[in-house]
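A.B. asks: For chain A, the structure is supplied; the task is to place chain B on it using the hints.
Protein chains: 2
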Amino acid sequence: MARVVMKFGGTSVADLDRIRGVARRVQRAVAAGDEVAVVVSAMAGVTNQLVAWCQALSPLHDAREYDAVVATGEQVTAGLLAIALQEMGVEARSWLGWQIPLVSDDAHGKARIERIEGTELVARMRRGQVPVVAGFQGVGPDGRVTTLGRGGSDTSAVALAAAIRADRCDIYTDVDGVYTTDPRIVAKARKLDRIAYEEMLELASVGAKVLQTRSVELAMKERVRVQVLSSFEEAPGTLLVDEDEIVEKEVVTGIAYSRDEAKITVRRVPDRPGIAAAIFGALAAQGVNVDMIVQNVSAEGTTDMTFTVGKADLPRARAALGSAREAVGFADILADPDVAKISVVGVGMRSHPGVANTMFRTLADKSINIQVISTSEIKVSVLIAAEYTELAVRALHTAYGLDAA
Amino acid sequence: MARVVMKFGGTSVADLDRIRGVARRVQRAVAAGDEVAVVVSAMAGVTNQLVAWCQALSPLHDAREYDAVVATGEQVTAGLLAIALQEMGVEARSWLGWQIPLVSDDAHGKARIERIEGTELVARMRRGQVPVVAGFQGVGPDGRVTTLGRGGSDTSAVALAAAIRADRCDIYTDVDGVYTTDPRIVAKARKLDRIAYEEMLELASVGAKVLQTRSVELAMKERVRVQVLSSFEEAPGTLLVDEDEIVEKEVVTGIAYSRDEAKITVRRVPDRPGIAAAIFGALAAQGVNVDMIVQNVSAEGTTDMTFTVGKADLPRARAALGSAREAVGFADILADPDVAKISVVGVGMRSHPGVANTMFRTLADKSINIQVISTSEIKVSVLIAAEYTELAVRALHTAYGLDAA
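Chains A and B are the protein sequences, given in the same order. The first sequence runs 1 to 405 under our numbering. The second sequence runs 1 to 405 under our numbering.
This is chain A alone, in the form it adopts within the complex (with noise of 0.2 Å):
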């Protein structure tokens, strides 16, 4: 008898035949034996509607009522799946954010979780009930409903299996695992049994879109072993462990990319000191957030700088930009939206060196130029022009040893 939190993403509630799915495979864990609560998102495209619909009657809305409009997804589909779990013979009820209370803080639109009480939950479930939790959601200090940021629900399913010191946290998504890449680009990908919690931060911050960045945060901070699964199938999934509990350890587990950032570069600054904190204190002001960068070696008193933003704050980082022109005394500033960052992650790179010069040799023999590289402990990225990006990623899966035979 285990503990489980399993956690339903939009595809697998999409429709009523997909919601009474999820039922059975609820009812399948708790025959099993298992104590099981539920989380669950809002039916696929019912966010995004709701999202449309806050933009159109004004862009610069009120985010806190932004989050009483789009908290109402998951609402819905908490009371449906409760519904058919009872209709199943599962005694089930539906619990939102603020019935828990799960208590965030007050950044609305993308709060933050503070606390979750756990105990009449854990109450419930030791008596058969499953508790059907709106994912997403929350209660800020005010007592006004808030939620987690796209992708929340998944924040949300970790922070509740922490919360009740679940055994396993399961995520059941639209794919059946992590891959080594992603599988439309690179049919030899192979799907992964077991990741790192610091690799699977790398992957999903880089564009790897299986689990919202800060649930894997929270997952590797409060050691909730975390499993990506197929709703849609019953094979396993991958499971997020400790780096320790991976015996063999690869140098590379996996390539991912990203299609969601720009290039800027700032020509001719005059190279002093103070000038980058004058530049990306600029952007900052903004809200503008900055990625990689690079600058280049001085010549004749100026240098050029550049780095990467995230493609929609293109023109914020222009217009902020354009403002502190006169104060940087820089001569003008390229932008290129087409391009991609291709990072290969493993915390093997920890003990093997030499992976980024696989990387960049590879990516020579391919005659794929690199804009900015950076670097962390077990990541290496490089900015490349986006047409080449699949070629770069297929070249490199093969050049790290990742293809499936």
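One should not assume that every hint holds.
[Claimed, not checked] Calculated from the model, a selection of chain A residues having no Cβ within reach of chain B, i.e. all distances over 12 Å: (1) R20; (2) L239; (3) A385.
[Said to hold, decoys possible] Coverage of chain B stretches by chain A, computed from C-beta distances (three or more under 8 Å per stretch; other residues unrestricted): (4) 8 to 21; (5) 45 to 58; (6) 80 to 88.
[Claimed, not checked] Partial pick of chain A residues on the chain B-facing surface, computed with a CB cut under 8 Å: (7) L16; (8) L50; (9) S58; (10) D62.
Calculated from the structure, these hints are not laboratory results. Small disclaimer: the values here were computed from a predicted structure and weren't measured. Think of the CB as a built atom: it goes at the ideal place given N, C-alpha and C, for glycine as much as any other residue.
C.D. replies: Frame of chain A, contents of chain B only:
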């Protein structure tokens, strides 16, 4: 300056354009110096969709989960309208049932309001903030979401008006007021400027679906001045007032009809004491409400008992009577769903005899057979064959002098 509750029904908030239209109307009221609270229904069609989902998953679904699901419709509208108002520069915020709180009993699906905490709302209205209240919903004694039954947003609005001591409760709907009868049947129907609560109550209970019956009861009890008016026009509507405020009392104010009833005749019932109790007790035990009742003159020790039930209750009524057959000892049951109840209503009847006689004579002149009769202090109702509905309503409208010039 007045304190006003403005309530908008589903067709008034059916899409974003109409929500903007509602916001403009609220904006005008605020600009005119009124303190305004708004109550909204779900967007037209949304509640039906949510109800259909619950029923598809389980015909006998848990009413508590049903409430969690269907209450989302009003939550969405409240948030969207708050956004639309803010976009127009009107300070506004949405309020859900549990946030106010609007406390109800635990009769999920048809809960009754027990208490509304209006202090905070009034304080904010005085500062110029418009509360946008999600109608139809409350919170039960155990902290779960409740709903007030179909049309319950009317009741939310009237109860809120009483709680915050509003000067008026304006119910905006898709008709421009209360008519002497259904204008789709009688072209010469007239809009009433005023109608007494008691009359409105009788009309609402016999099928004039402008307002939920319970909202009229509540308005009468709390003496809330309710105005029914169109959300698409600027004309004044119909004001619900105390009988004393109507100086020129018509004998008959309005004529209503309902095709929602079915007639049942229990034949050759032994004519002994306790028989009526046995029959109607069996029906009550199955939750079947009985409306009109008539017992024929007894002959040869047996009698026929005729009554009406809601058309939807007919199968349950048949089953209940079938089970009671042996105990009661009747011969057989005749059921006729093809009936209509025609009612003439008016507080003037109290002082004018002969109203019923006019009705009977008018119907006789048209060769319409009366099957059952029931009367109250201000209402006479008859049951006729459904096919004569329009003919009867038109003839009576003329007979009581209600036709527009």
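A.B. asks: The structure should be examined with respect to each hint, and the outcome stated for every one.
C.D. replies: Evaluated hints:
no. : hint     : in the structure
1   : R20      : 7 Å, violated
2   : L239     : 32 Å, holds
3   : A385     : 41 Å, holds
4   : 8 to 21  : holds (count 3)
5   : 45 to 58 : holds (count 6)
6   : 80 to 88 : holds (count 6)
7   : L16      : 6 Å, holds
8   : L50      : 7 Å, holds
9   : S58      : 4 Å, holds
10  : D62      : 6 Å, holds
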